[in-house]
Each structure stands twice: as C-alpha cells, then as structure tokens.
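**Student:** Line by line, the protein sequences are chains A and B. Per our numbering: the first sequence = residues 1 to 374. Per our numbering: the second sequence = residues 375 to 458.
Accuracy of the hints is not assured; some may be wrong.
Stated by the list, open to error - Per label pair, the in silico range of CB-to-CB distance:
| no. | chain 1 | residue 1 | chain 2 | residue 2 | range |
| --- | --- | --- | --- | --- | --- |
| 1 | B | A445 | A | P232 | 21 to 29 Å |
| 2 | B | D439 | A | D182 | 53 to 61 Å |
| 3 | A | L263 | B | S430 | 46 to 54 Å |
| 4 | B | H403 | A | A300 | 30 to 38 Å |
| 5 | A | I197 | B | A417 | 50 to 58 Å |
| 6 | B | T384 | A | A158 | 19 to 27 Å |
| 7 | B | T384 | A | L157 | 46 to 54 Å |
| 8 | A | T325 | B | V456 | 29 to 37 Å |
| 9 | A | A230 | B | V456 | 45 to 53 Å |
| 10 | A | A212 | B | G383 | 26 to 34 Å |
| 11 | A | G148 | B | T382 | 28 to 36 Å |
| 12 | B | A387 | A | E54 | 31 to 39 Å |
| 13 | A | A229 | B | S430 | 44 to 52 Å |
| 14 | A | K305 | B | G383 | 26 to 34 Å |
Hints listed in this document are in silico derivations from the structure and should not be mistaken for laboratory results. Heads up, the beta-carbon is just placed ideally off N, CA and C, and yes, glycines get one too.
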Amino acid sequence: MGVADGAVIGTTKIVDHGPDSARWNLVILAEGYKDTEMDKFHFAAEAFVTKLFETQPFRAMWCAINVHRVDVKSTDSGADEPATCGDGGTGTGTMTRTYFDASFCRDGMSRLLYGDMALAQATANAAVPGFQAAIVIVNSTRYGGAGGSVAWFSQALAADEIGVHELGHSAFKLADEYGGNDTWTAGEPPEPNVTTITDRATTKWASRISAATPLPTQDNPGCAAMTTAASPVPAGTIGLFAGGSIFYCGIYHPEHKCRMQILGDPFCKVCSDAIAARLRQHLPKFSGPITGTQFQGSLAAGETKRWFTYNWNACWHVLWTVMPTAPVTPGPALRHRVRVERASREHITYWISVTNESKVAVEFDGRYEIVVRN
Amino acid sequence: MRAATQFTGTVKAGTTSTWFTHSWDPAEHVVWTVVPVTPGPGAAQIEWNMRTQRASATTITYWIDVRNLSAADVEVEGRFVVLN
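Isolated chain A, as found in the complex (with noise of 0.2 Å):
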C-alpha cells in the first residue's frame, strides 16, 4: 500500500492569477483514481474549485489564488473501509491499493479519512514547490474527511462541503466549532476561532464583541451535547458560544453558526477574516500600466455602435479609452460607454459603445490599459 500502488501523471495549473511565487497555491491531489477515472477527478477537482470560488472569503481574495490539480493514479479505486470501527461504525471491509493508502475510520472514527499526509505534502511540494495548502480528493461516495497538514475529503453527497470545512483546518488553522465529548480543560486553544477565556477584555476576538452582548452569550450547561437552543442574540452577533474543538463546554465559538461547525453555513466572521487575512497578503498589487490599441473603428456623423473584446482576465484592473485617430472639429466627438459581463470565473467580455456625437465621420482607436496585472 502506498506509491508502489500508483504513480503521479502530472500536473496542471487550473487557476491561474499571476506567478506563484506570488499567488497562495492550493494544490489539488488525486487518490483512489484509476488511471481511467482522472476524467472523473478533473471534474471532482473543477466542482471544488466553483466550490471555492462561490464561498466568501474566497470569491473576494480570489485573484489571490492559484490552483494546480496533480494527476494521481491507483491501482484500486477507492480508499480503505474497515469492517468495524472504533466507534460503533461500519465499513464494507474492503482494502484498496491507493497511491496515498487512504482509508476510513482513521483514529477509531468511521468518518475520519486520510492517508499517509507525509507523502502527501511531498507530492504537492514536487509539484509547486513552496504550495501554501493542499488538499486530497479521494474517490469514494462514502461520507468523510479530514484536516491535519493537508485536508482530505470524499466524494460523498454535497463532498465539496467538506472539502472546504477541512481546508479550514488545514490551511487557515481553524478549529472546529461543534463537539463531541465534555469539557475541554487543556488551557487556552492556538486557533483563532476557539477560545476558553470569558473575560471580555481578554478573550480572543474582544474587539469584536459590542458591551451589549451577553459573556458567554451561549453556555451548555448539560454538558452532554450542542446546544440546540435558538440563539439568544440575533444572527451574525459576535460574542461567546459553548462548545468548540469537539468538547460540548468550557470552550467557546464566535457565532452562533459557522462553516466550520454546520457544513453549508457560510464562515463567522472571526473565521472570514482570518483566512482573507492570510489571502490578503497574496493579492495582486499594482503594475504597469499595460497599455495598447485593442480595436479600430469608425462612425458615422451621429452613429453609435458597440464592439466587444473576451477573454480578458477578470482579476485584472482594465480601463477603456477612445481616441480619434484625425482632428475632428469643432467640438467634441466620441462618447463611450463601456458594459461587463462575467463570462467565466476567470474571464471577462467588455462591451464598448461609441458614439459619435460630431456631424462627420470619425475614425477612432479602442484603447486599454491594464493598471493591475498579475
């Protein structure tokens, strides 16, 4: 079990803003594909990163982000099932013959799946050296995941869910927010999301709590499980709510619902702003400009016409000028307007319109300059 069941194919930058010595790389990693399944990886991998793209914060640092899918394949489909499992669970019993020898009920837990992170970090660091995060997508329908040093998710219902949840974990330090056993008494967690002090001058996010909310805003006195209780203060309140790092009290959650406690749920706050602040740092800054002549026209005394240009980078910043190319007088004879559209995640189409407001033909070039580029 393990790279003498597989073998890595290759590489691809499917996200592309700019050199990666200056973008945050996620590195996508395929396991339990044969080597006739990568088509179902690649679309596994393209769904993960819409996924990415959909989910604040982000689709707004996304010009922050390379992606690159390295190709991987087994020799078995699938991952390890342990027949029985430390808690209770059950599994197929079937062993595979995967390249990163995931399997099922990892740590006596039938939904925990990983396999050897190690081998993964390798991987992705032969791959994009110096990668910021990476994450395995593992070709089994059966619900699971994990954080750790690199994040690991399934291909079960709504798996991209998970995949983001555990990329919480694994590139932005996040603790889970829901429970699992009683109280925490380990001492004051590294995680910026999970907190055991209550004093608000002290605790973690105190600037962020308002002096009209309740500390804890929400305790769990039972102990025995979350807290199914409505929220006592309105959503999006930041304050301190029991439970956190999989113990049910003496630990404490920004919000009273967050992504890394209920898959699906958009990022708290503290949550939010502590992956955009990582992603931040990654951002294009500002270069050129970049200009040029994109088009030539030209317009009849009073007419307007409109041109359009695709495929432009939607992180850059691009401006639109006309200018004619003959003196034109008297007064003035170009107006333009300029229209957008998204065609893709990664690109956009401008649509320029011109008109001539003069009582004579007008010949005019389109002009662009690029102010941000990657």
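Mind docking chain B on chain A? Use the hints.
**Tutor:** Just chain B, lined up with the frame of chain A:
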C-alpha cells in the same frame, strides 16, 4: 500607486444600486471600475457611472451607481486604482 477592491455587493436584476466611499484625498488621481463577480455569459451584465463630491476641503466622496442590465441578480466588485 495602488489598487484594490473597495466594495462588493449584489445588484438586483434590472435595478441600479449606489455605493459611496468617503474621505479620499483630493490630491489622489483615483479611477474606478466595476466588474461582475457572478458569471453570466452571453451579454453585458452591468454598467456603472461615477459621481464625485467634494465633501470638505480635504476629502472627496465618490458615488458609484451600478446598473444591472440582466434579468438575474449580479454580485459586483468595485475596484479603484490610485494613479499617483
């Protein structure tokens, strides 16, 4: 010289939304652009218009009107470039 995204938001189908951003230095040459974030291939989705207010001797407020030309809600990103 610097550039960044100043605001994000959603413009309902067929409507116009206005954002304002204040306390800009009048000495700065600021250019604004707006792009859709929501993919909508096939036709132009938005256009925008920028208006300027001298809010005080030392500050400028920019007002950016974004018109959604499409039949679907569009999330937009308002970007600035300071050219000097």
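**Student:** It remains to establish, for every hint, whether it holds in the given structure.
**Tutor:** Hints versus structure:
no.: 1; hint: B:A445 / A:P232: 21 to 29 Å; verdict: 41 Å, violated
no.: 2; hint: B:D439 / A:D182: 53 to 61 Å; verdict: 56 Å, holds
no.: 3; hint: A:L263 / B:S430: 46 to 54 Å; verdict: 48 Å, holds
no.: 4; hint: B:H403 / A:A300: 30 to 38 Å; verdict: 35 Å, holds
no.: 5; hint: A:I197 / B:A417: 50 to 58 Å; verdict: 53 Å, holds
no.: 6; hint: B:T384 / A:A158: 19 to 27 Å; verdict: 24 Å, holds
no.: 7; hint: B:T384 / A:L157: 46 to 54 Å; verdict: 28 Å, violated
no.: 8; hint: A:T325 / B:V456: 29 to 37 Å; verdict: 30 Å, holds
no.: 9; hint: A:A230 / B:V456: 45 to 53 Å; verdict: 46 Å, holds
no.: 10; hint: A:A212 / B:G383: 26 to 34 Å; verdict: 27 Å, holds
no.: 11; hint: A:G148 / B:T382: 28 to 36 Å; verdict: 32 Å, holds
no.: 12; hint: B:A387 / A:E54: 31 to 39 Å; verdict: 19 Å, violated
no.: 13; hint: A:A229 / B:S430: 44 to 52 Å; verdict: 49 Å, holds
no.: 14; hint: A:K305 / B:G383: 26 to 34 Å; verdict: 32 Å, holds
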